[in-house]
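Since the structure of chain A is provided, determine the placement of chain B on it from the hints.
Each protein sequence line maps, in turn, to chains A and B. With my numbering applied, the first sequence corresponds to residues 1 to 65, in that order. With my numbering applied, the second sequence corresponds to residues 1 to 283, in that order.
Source of the hints: derived by calculation from the structure; they are not laboratory data. Do not take every clue at face value.
Simulated coverage check for chain A against chain B, where a stretch passes if three residues somewhere in it have a Cβ under 8 Å from a Cβ of chain B [as the list claims (entries may be wrong)]: (1) 35 to 41; (2) 44 to 56.
Examples of chain A residues lying across from chain B (beta carbon under 10 Å, computed) [said to hold, decoys possible]: (3) Ile26; (4) Gly27; (5) Val28; (6) Thr59; (7) Ser60.
Owing to the predicted nature of the structure, the values given are computational and were not obtained by experimental measurement. Ideal Cβ positions, reconstructed from N, Cα and C, are used throughout, including at glycine.
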Amino acid sequence: MKALPVALAVIFFIVAALYLIGILQIGVSGEAHGPHVKHAVLFAVLGILSLVWMRFQRTSARPGR
Amino acid sequence: MTWLQAMLLAVLQGASELFPVSSLGHTVLVPALLHWKFDRSEPTFLAFVVALHLGTALALVVFYRSDWTRIGRALGASVVRGSLSDDADERIGWLLVVGTIPVALLGAFLEHPVRRFFGSSALVAGFLILNALVMFAGEALRRRETATASAQPLASLPWAGAVQVGFAQSAALLPGISRSGASIVAGLLLRLTHDDAARYSFLLATPVIVAASLLEIPKLFEPQAHGVLAQSAVGAVVAALTAYASVAFLTRWFHAHDLRPFGWYCLIFGSLALALALAKVIS
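This is chain A alone, in the form it adopts within the complex (with noise of 0.2 Å):
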């Protein structure tokens, strides 16, 4: 289970550097065509809540918490 909230962080990581360099282009309006900061931000957010969650994940698996 420890595993989930990694995986979804690296996940997040790439998908918002593809956002950020303008290879992924998946759910963008249809004009641009460049880099999309607006869904590499949101990416990068959902990255940083996965490493919050392995966080919790780490502390609640301790013996004795």
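Relative to the frame of chain A, chain B by itself:
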């Protein structure tokens, strides 16, 4: 765009963003009713709209500044500690994070496809009528619900409930459906009081409006936008003052009242606009 038009749009945005009557719907229907011709894709108009949203966001942040300070501290402490506690502010903070995810994702991916609806006043009027029916239905279901079960405090909202309210808020991508109306109805159906449902709705709207405004700030500095810089600055202040007054009024309103008056307003205004659109008086 004249100064009078700019200021009217600022007041309209500041009020209708928070009243459960759909700001998008009003910014489509009111200019159509007044026969104002705006090109919504023009950089000058987009810059002006960004400024109005910034003003509205600022008003929300200022109004709920003590809530956000407590929530921010509680969330920070939770992340540092690496665990959840029973603290109500911390719980509300994480509920806001969870509830923001659906609207952020749907907003990012559906914002452009739904823009095609903006061109049809009849469709927007139809959505405004639907908004009214949703509020009436929500109030009716809520009254039936309270007959059998008591209300729950905001901090007791389950995670799935936060996601549901987030999805409900996403319906406001459709012009005519109100962000606060949809999320307050969702909160009521999850057995929150009107007070708590409205508070959660306004708190939930804040990160979305702030983030959307901040990400669009570069539009304010495009060369074409320089011509509306003064109107944008004054418009932002007017929108902020109107939004602050609106949220102050609404938080007091929901202590003792419900959504039905706003439902009647949307039903009457939507029906009138639909009739005019079908009669081709407005386009």
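Subject >> Hints breached by this structure >> reply: Failing hints: none at all.
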